[in-house]
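Residue numbers (this note's numbering), protein chains in the order written: chain R, 60 to 375; chain F, 36 to 657.
Incorrect hints may have been included.
[What the hints assert, rightly or not] Going by beta-carbon spacing under 10 Å, a handful of chain F positions derived as facing chain R:
| hint | residue |
| --- | --- |
| 1 | GLN218 |
| 2 | SER220 |
| 3 | ASP387 |
| 4 | ALA389 |
| 5 | ARG466 |
| 6 | GLY539 |
These are calculated hints, taken from the structure and not from any lab test. Cβ coordinates follow ideal geometry from the N, Cα and C atoms, glycine included.
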Amino acid sequence: MKPERTEGHYVAPLEETALEATDTLRVEEAPLSLWADAWRKLRRRPLFIVSSIMILALIFIALFPGVFTQVPPNNECLLANSEAGPREGHPFGFTFQGCDLFSRVIHGTQASLSVGILAVLCVLVIGVTFGALAGYYGGWLDAVLARLGDIFFALPLILGALVITQLPFFRENKSVWTVVVVIAMLAWPQMARITRGAVIEVRNADFVTAARSLGVSRFGALMRHVLPNALAPVIVLATLELGVFIVTEATLSFLGIGVPESVMSWGHDIAAAQVSIRTNPMILIYPSIALSLCVLSFIMLGDALRDALDPKSRER
Amino acid sequence: MAENLGWAGGPRRRAAGSGAGQRIGAPLVKGEPVLEVRGLSVDFGVEKEWIPAAIGLDYEVRAGEVLAIVGESGSGKSASSMALLGLLPSNSRVSGSVRLAGQELLGRDQSRVRQARGKDVAVIFQEPMTALNPVYTIGNQIVETVRLHNEVSPDEAKERALRMLELVELPDPGKAFRSYPHQLSGGQRQRAMIAQSLSCDPKLLIADEPTTALDVTVQAEILDLMRHLKDKLNSAVILITHDMGVVADLADRIAVMRRGVIVETGTAEQVFAAPRHEYTQALLAAVPHLGQGSEADADVDITAALASVTGVELEAVDADELAARERENESALAAIKAAQGRQGTPVLELRDVAIEYPRQGRVPAFRAVEGASLTVYPGQVVGLVGESGSGKTTIGRAAVGLLDVAEGSLKLVGTEISGLRRNSRELHALRRSVGMVFQDPSSSLNPRLPIGESIGEPMHLAGVAKGAALQQRVETLLDQVELPRSYRNRYPHELSGGQKQRVGIARALALEPKLMVADEPTSALDVSVQAKVLELFQGLQRELGFACLFVTHDLAVVDVLADHICVMQHGRIVEQGLRDAILRNPQEPYTQRLLAAVPLPDPQKQRERRELRELLAASGIE
């Protein structure tokens with residue numbers, strides 16, 4: 060039989076489906092938008108599940124610290140308890156100043172998360188707006204916005220923050236918001252660059268031209284057709300930056316230019332623990348672990364989102 | 036001296052070890068099987084499941100023979116051939132037996148396969164721009180290949196590289212040797228790529244869609260070259276393609292693949308003259324033949340027409356017979372001319388139009404179209420044909436108001452638009468009388484919007500319909516393009532290419548345009564899908580009576596649809612006229628060359644056509 064297949068005029072049996080079948084679609088399944096598709100992919104990823112559980116837990120702690128500890132973090136600090144070890148009701152022990160460390164770590168979550176989330180929101184608003192306008196309209200607007208971004212991009216984050224927080228206005232109104240504003244001011248150019256690149260990529264797609272040729276206004280096409288298709292990398296970057304901003308907040312607080320002393324922050328705790336690093340290193344380690352876990356969970360989420368949203372991995 | 040490799044900037048690599056000089060098996064004898072494939076299966080692991088790409092393939096290729104593996108996208112033709120070389124991604128698995136000159140290739144360790152690759156088996160890829168490394172000169176890359184597989188001195192390798200470049204008929208081999216890939220034209224790059232592939236005298240040459248990325252006239256040249264080389268070198272050739280014309284031109288034997296299975300194999304004559312499998316028959320029927328037109332029109336014998344116009348004599352056909360065929364042509368043309376006569380206000384009228392792409396930074400303005408005049412009357416289908424860079428798409432975009440007119444007058448439905456600003460209100464309103472269908476169905480639909488919204492958006496914006504009325508209109512449009520209404524809530528990525536293109540047509544029809552501009556709407560589709568989309572398009576055009584500017588590089592497609600054909604070259608319209616006038620009586624040498632270059636999906640007719648083309652080329656028409 061074999062030679063016949065290769066030598067002569069071989070014809071396969073005609074049992075298969077007709078030609079029409081090549082151009083049909085399975086209708087049984089529910090319609091699947093790209094977001095829904097990404098969600099379906101995400102749901103099955105352990106990285107996503109672990110990180111989102113951690114983040115939900117952190118948010119819960121930040122909103123309701125009272126559920127976890129009844130001890131107020133700042134009052135009832137007794138110097139007698141200075142650097143005392145763990146005991147009943149005080150699982151992490153006490154700081155150098157004799158405050159309850161567990162309570163401080165729990166209450167510190169709020170500052171870190173709120174600074175991170177607020178800063179990311181600000182960066183998103185500024186960066187996406189500027190980036191989208193620059194990428195979509197191009198020309199002089201692009202040139203101006205790009206140079207403006209370069210100026211801020213050239214400032215090292217910590218140095219820039221040091222300088223800005225010494226401005227009289229910021230010195231007098233020190234609060235969580237000043238930290239947010241400083242971070243947003245210095246970090247938006249990266250978001251703008253990513254958005255600009257994504258927008259330029261989508262801007263030239265045929266469906267945008269198609270929409271324009273069918274009477275969609277220029278700005279309308281940007282909002283309806285370009286931006287939704289350029290958001291994936293922006294969302295990924297936002298999640299990753301959230302982690303970075305939390306670290307930045309802790310760094311600034313560590314240096315004494317972050318949130319005011321009255322606000323609990325892991326950065327303050329780490330800074331204060333310096334004196335105890337040789338006698339009782341656990342005082343340093345507990346807030347550090349809290350900070351690391353928080354940042355880790357956002358970076359893991361960012362990675363999972365990147366895998367799910369990356370259009371290149373979607374191509375079959 | 037021997038250590039100091041004597042060419043500038045070249046990759047400093049010594050010839051591969053002692054095994055490099057050896058070859059598998061004995062020299063080639065014509066008619067001996069070079070490659071025997073038995074039970075070859077390829078699977079890809081996708082999300083923890085094995086998806087078969089090729090199932091139990093059996094075929095063999097003999098020295099000096101061309102086996103064409105034909106199939107549409109997803110048939111597994113490329114995957115199975117790349118499997119021969121172990122060039123598949125890591126998520127694949129291959130089973131079966133592949134014997135090259137009696138030596139088993141599968142299941143061997145990678146180093147043996149790598150040795151065979153390039154030396155005994157060479158590959159020509161579809162896109163020579165990406166297959167050649169842009170940072171090395173052509174010469175460098177060929178020398179590298181030669182020295183990788185043969186222990187020769189740099190000078191010998193260089194000599195050999197130059198000989199190969201000469202062999203592939205590059206006009207100036209010395210210059211090509213020193214050129215970087217981007218300095219050559221597409222056809223020259225493909226020649227260079229072929230030279231590189233052949234530099235080690237491969238026993239087997241795998242050509243994966245070697246001419247798909249090229250223009251027809253260039254394609255014809257490359258096909259000629261491949262035919263000459265095959266006879267000269269006596270290697271076996273596997274030609275992977277979807278183009279039946281290319282197959283008819285080159286293949287000795289044909290294997291038709293569909294969904295990973297070979298459905299029919301036979302000699303070219305057997306398969307073309309008497310296809311027995313249903314799929315082969317359907318595939319051949321779906322290929323548009325240039326000159327065949329739609330059912331209503333009489334067939335045009337292009338070969339006869341060209342022979343008559345250019346006054347060349349063919350050996351392949353009897354002169355009397357050709358004359359008779361040409362007489363038929365003439366009478367048909369006369370009849371059509373008599374019946375001709377278009378009336379009404381032109382939907383689109385270009386008078387000496389020049390279109391420029393504006394200056395961008397330091398890049399000067401580029402004039403893509405110059406002195407173009409053409410008219411589209413209501414209900415008329417005008418085919419705008421040309422090769423890449425001819426400016427055909429530019430005209431299409433300008434007609435929709437997406438590009439400014441630099442000179443001349445462009446009237447859309449009787450209104451002059453060349454003076455209007457690109458974002459003006461008047462132009463905005465005028466755009467509604469024009470619909471546009473794009474080439475790539477995947478990128479012309481917003482992936483984040485359901486189909487229904489994409490179709491409904493222009494109507495919503497124009498305020499034509501709202502709410503329930505809009506939904507109803509969307510459903511009507513889906514009916515018209517023969518898609519189920521339930522597709523309204525689907526997203527583009529769930530649909531096949533042909534279905535997406537139908538959605539694109541529905542969207543273009545949404546505002547009931549007077550003019551439809553279709554920019555290569557079927558060139559990204561498989562032949563059988565293309566046939567159906569063209570059929571649909573034709574039906575809609577007849578039913579709704581819109582005028583159409585159909586931009587394409589494919590003469591056969593224009594032939595099916597158009598009443599009127601414009602041929603463009605280098606930004607100018609070189610010839611235009613009725614379909615029959617162009618096909619039966621082409622006056623311009625460029626049109627003649629273009630027509631002669633289109634391969635016919637029929638080995639016998641293609642032989643005539645080929646001879647004609649060679650004669651045309653010989654008669655010095657450039």
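Taking the hints in turn, this is what the structure says about them:
1. GLN218: At about 26 Å, which exceeds the 10 Å cut-off, the nearest Cβ of chain R leaves the hint on F:GLN218 violated.
2. SER220: 25 Å, violated
3. ASP387: This interface hint is violated because 24 Å lies over the 10 Å limit.
4. ALA389: This hint is violated: F:ALA389 lies away from chain R, its Cβ roughly 21 Å from the closest one there, beyond 10 Å.
5. ARG466: Result: holds, 6 Å to nearest chain R Cβ.
6. GLY539: 8 Å, holds
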